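A.B. asks: Sequence:
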Amino acid sequence: MISINVKVMNQLGIHARTAAKLVRTAAAFKCSINAVKEGKLYDLKNVRGAITLNGKFGDELTIQFDGIDEAEASETINQLFLGGLGES
Numbered sequence: 001m002i003s004i005n006v007k008v009m010n011q012l013g014i015h016a017r018t019a020a021k022l023v024r025t026a027a028a029f030k031c032s033i034n035a036v037k038e039g040k041l042y043d044l045k046n047v048r049g050a051i052t053l054n055g056k057f058g059d060e061l062t063i064q065f066d067g068i069d070e071a072e073a074s075e076t077i078n079q080l081f082l083g084g085l086g087e088s
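So the sequence shown is residues 1 to 88, counted in full-length UniProt numbering.
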């Protein structure tokens, strides 16, 4: 299992469009990918999980990866968050 800490850099936070992009990216990997916020676990391979996360600008999240391709997945998801989830 790999865990990384990320910060929501998108001014609008995680909304429908960015959640869909996050889920599409996560779905490309075989490992499980979950976010932890305030002690709750959210499945990032599920749109409902990504939206329910309710990530706001500046929120710090822990993302957990567990599976065969966890290293590649963690790097890809980290880069996605560093890039503002594809939006400025």
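There may be inaccurate statements among the hints.
Below, a list of computed lysine-lysine pairs in the DSS-like style, where the Cα atoms sit at most 27 Å apart [stated by the list, open to error]:
1. 30 <-> 7
2. 21 <-> 40
3. 7 <-> 45
4. 56 <-> 7
5. 45 <-> 56
6. 37 <-> 7
7. 21 <-> 37
8. 7 <-> 21
9. 7 <-> 40
10. 56 <-> 37
11. 45 <-> 30
12. 56 <-> 21
13. 21 <-> 45
14. 40 <-> 56
15. 40 <-> 30
Distance windows between CB atoms, simulated [claimed, not checked]:
16. 20 <-> 41: 18 to 26 Å
17. 78 <-> 16: 28 to 36 Å
18. 21 <-> 58: 15 to 23 Å
These are computed hints drawn from the structure, not numbers from a lab.
Since this is a predicted model, take the numbers as computed values, not measurements.
Even for Gly, the Cβ is constructed at its ideal location relative to N, Cα and C.
A.B. asks: Evaluate each hint against the coordinates.
C.D. replies: How the hints compare with the structure:
Using a Cα cut-off of 27 Å, the hinted pair residue 30 and residue 7 holds, with the two alpha carbons roughly 24 Å apart. Under the criterion of a C-alpha separation no larger than 27 Å, the hint pairing residue 21 with residue 40 is consistent with the structure, at around 21 Å. Straight-line distance between C-alpha atoms of residue 7 and residue 45 comes to about 19 Å, which keeps the hinted pair within the 27 Å bound. A hinted pair counts as satisfied when its Cα atoms are at most 27 Å apart, and residue 56 with residue 7 qualifies at roughly 9 Å.
Note on residue 45 and residue 56: the hinted pairing holds, with a Cα-Cα distance of about 19 Å set against a maximum of 27 Å. A hinted pair counts as satisfied when its Cα atoms are at most 27 Å apart, and residue 37 with residue 7 qualifies at roughly 11 Å. A C-alpha spacing of about 19 Å is found between residue 21 and residue 37, which places the hinted pair at or below 27 Å, so the restraint holds. Between the alpha carbons of residue 7 and residue 21 the distance comes to roughly 16 Å, so the proposed pair stays at or under 27 Å and holds.
With a C-alpha separation of about 16 Å, the suggested pairing of residue 7 with residue 40 holds against the 27 Å cut-off. Among the hinted pairs, residue 56 with residue 37 is consistent with the structure: their alpha-carbon atoms are about 11 Å apart, no more than 27 Å. At roughly 10 Å between alpha-carbon atoms, residue 45 and residue 30 fall within 27 Å of each other, so this suggested pair holds. Distance hint between residue 56 and residue 21 is fulfilled; the C-alpha atoms sit about 16 Å from each other, no more than 27 Å.
Taken as a hint, the residue 21 and residue 45 pair is honoured in the structure, with Cα atoms around 10 Å apart against an allowance of 27 Å. The straight-line distance between the Cα atoms of residue 40 and residue 56 is roughly 15 Å, inside the 27 Å bound, and the hint therefore holds. The straight-line distance between the Cα atoms of residue 40 and residue 30 is roughly 22 Å, inside the 27 Å bound, and the hint therefore holds. One distance hint, 18 to 26 Å for the beta-carbon pair residue 20 and residue 41, holds here, with the actual separation near 20 Å.
The hinted window of 28 to 36 Å between residue 78 and residue 16 is violated, with their beta carbons roughly 22 Å apart. Look at residue 21 against residue 58: about 19 Å separates their beta carbons, and that is inside 15 to 23 Å.
This entry does not satisfy hint 17, going by the numbered hints stated previously; all others are met.
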